[in-house]
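Enquirer: What follows is the residue order along each chain.
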Amino acid sequence: MIRFEGVSKVYPAYRDKPSVHALQAIDFAIARGSITGVIGRSGAGKSSLVRLINGLEKPSTGRVVVDGREISALAGRELRLAQRSIGMIFQHFNLLSSRTAADNIALPLEIAGWSRADIAVRVEELLALVGIADKSGRYPSELSGGQKQRIGIARALATRPNVLLSDEATSALDPQTTRAILDLLANINRELGVTIVLITHEMSVVRQLAKEVAVIDGGHVVERGHVADIFTHPRHSVTQAFLSEVIGDSVPVSLASRLSPQPIVSGKAVLRVQVRGTEAGDTVVARLSRELSHDVALLSARIDEIGGQHIGSLILGIPGGEATAKQALAYLSQHDILVERLGYVA
Amino acid sequence: MSRELINLIVQATGESLFMVSVAALVATILGLPLGIFLATSRKGELFAAPPANGILGVIVNAARSTPFIILVVAIIPFTRLIAGTSIGSGAAIVPLTIAATPFIARLVEAAIREVDGGLIETASSFGASPLQIVFKVLIPEALPGLVLALTLAVVSLLGYSAMVGAVGGGGLGDLGIRYGYQRFMPEMMLAVVVVLIALVQTVQTAGDYLARRVNRRLRNR
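Listed in order, the protein sequences are those of chains C and R.
Note that my numbering has the first sequence beginning at 101, numbered continuously upward.
Note that my numbering has the second sequence beginning at -9, numbered continuously upward.
Treat each hint with caution, since some may be false.
To be verified - As a list, the in silico DSSO-like pairs of lysine-lysine whose alpha-carbon atoms are at most 27 angstroms apart: (1) R:K33 - C:K426; (2) C:K235 - R:K126; (3) C:K311 - R:K126; (4) C:K117 - R:K33.
What the hints assert, rightly or not - Derived DEER-like restraints, expressed as beta-carbon distance ranges: (5) R:P41 - C:G176: 18 to 26 angstroms; (6) R:P57 - C:E178: 34 to 42 angstroms; (7) C:P112 - R:S11: 33 to 41 angstroms; (8) C:L292 - R:A52: 51 to 59 angstroms.
For the record, the hints were derived by calculation from the structure and aren't laboratory data.
Glycine included, C-beta positions come from ideal geometry on N, C-alpha and C.
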């Protein structure tokens, strides 16, 4: 559906700014009807990547093929025609303040030269599809962020595109609205079969919506694959950093302030146990307590289910001194459970 | 004040309005596209043509920095070519238009540049041509600013029109100088100033009202 073939993008030096290699050696394909997340820090090149798909930017080398058409080779009228089959939504919605909700949705249809009657019918459909039929005559200044993004989505879908690009579409929204918008996108993907490419810096967005993910850093795709695989077995440090943000394996502040690097008499050793995969971590505390004949304390825990896999971490307090701690580490390692010693608490 | 004097004021007001409205109309027709081009032709913009942008910018600045009274006399041959004469209200329209066009162009440029660049990108993303972007995005979104810009231009033209009396252009300014100053009739001077103030107030109020009407950005104010 969408194919990058040896794509690089260089912004030439301008005045006192040196040239920037925004993307290098990008080679990958996005399947028809899939939802692919592209995640990276700001400046990683993800905005450039998504703008290559709809021809807003041209690659410096390589080809970008969308739906069998080499979009990177098109220009002028041909490019504008091809762009009608690729919709895009934006972080700041980019609605025209001078047009009502309905007229904003009508804009791409006017540009494509639809008749007034056809536009009216299509706009009605779209308003209903995104669930704001009652807001058709309202101006953007009268609407909430979530309602504005619904207009943005309706507008992007107006010309019945095969591809929907989302440029941080939920980054300006609160968590509840974000969830509603992501649900809407999932519905659109399911019902209309639209291929969705979403770029984001939030792993939670990828987790909720995407099936495939590409992690991009320094202009390279550093890791990509099924969301469940990447979440359970992250290899690149950037991926791990993004993951720790959703699976919350950071140590709670109150615990971190009490942690001591030296063993404390009659204290506990603090271990962090990683829970990854289908084998749930929910029995590990009980098993460990039995094995050690000590009551293992659960100091902090977070387990999520992502793509059918349990992912998270437990922070455990092991009483009984250094010998028991060693025994615990040995037991966990034997059972292929990732564990690290964080320190000691009283 | 005698009936004759009042008639003079009425006639002069008519001349001023005639000069200003025709000059404003022609200057808008010329200045609007010029301003839009100035706002969209720098490097990387919609109609990117940096050399043309640079040259036009210099011409606009030169025209704007020439004092109006010097412009009026300097272009007398050109005025005669266009209007057939260099005397009278009709002829005065030529220098007024030439002074107002670059002024309007700069105001239009500023108003167009106020439009969020993200909207241009958005329109491009669904395949809008540069001209469609101008007519469907830039002008409608900049409309409140454009209305205020034209209001300002008309008010300035009223001021300029007072100076064309120097070349026999007629109008309120001319009347004020000839009767009020040269024949020392302070009541005439006062009457002219009062009429000008009333005109400016009317134009500004109408412009502000219109700009508010077309502004959908802040509906609750």
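Enquirer: Next, verify each hint and record whether it holds.
Expert: A quick look at each hint next to the structure:
Under the criterion of a C-alpha separation no larger than 27 angstroms, the hint pairing K33 (chain R) with K426 (chain C) is inconsistent with the structure, at around 66 angstroms. Between K235 (chain C) and K126 (chain R) the alpha-carbon distance is near 22 angstroms, which keeps this suggested pair within the 27 angstroms criterion. Taken as a hint, the K311 (chain C) and K126 (chain R) pair is broken in the structure, with Cα atoms around 37 angstroms apart against an allowance of 27 angstroms. Restraint check: the Cα-Cα separation between K117 (chain C) and K33 (chain R) comes to about 15 angstroms, which is no more than 27 angstroms; the hinted pair holds.
P41 (chain R) and G176 (chain C) have their C-beta atoms about 22 angstroms apart, which keeps the hinted 18 to 26 angstroms range intact. Between P57 (chain R) and E178 (chain C), the C-beta spacing of about 52 angstroms breaks the proposed range 34 to 42 angstroms. For P112 (chain C) and S11 (chain R), the hinted distance range of 33 to 41 angstroms is not satisfied, since their beta carbons lie about 49 angstroms from each other. A beta carbon spacing of about 57 angstroms between L292 (chain C) and A52 (chain R) agrees with the range 51 to 59 angstroms that was offered as a hint.
The structure does not agree with the numbered hints 1, 3, 6 and 7 stated previously, though it agrees with the rest.
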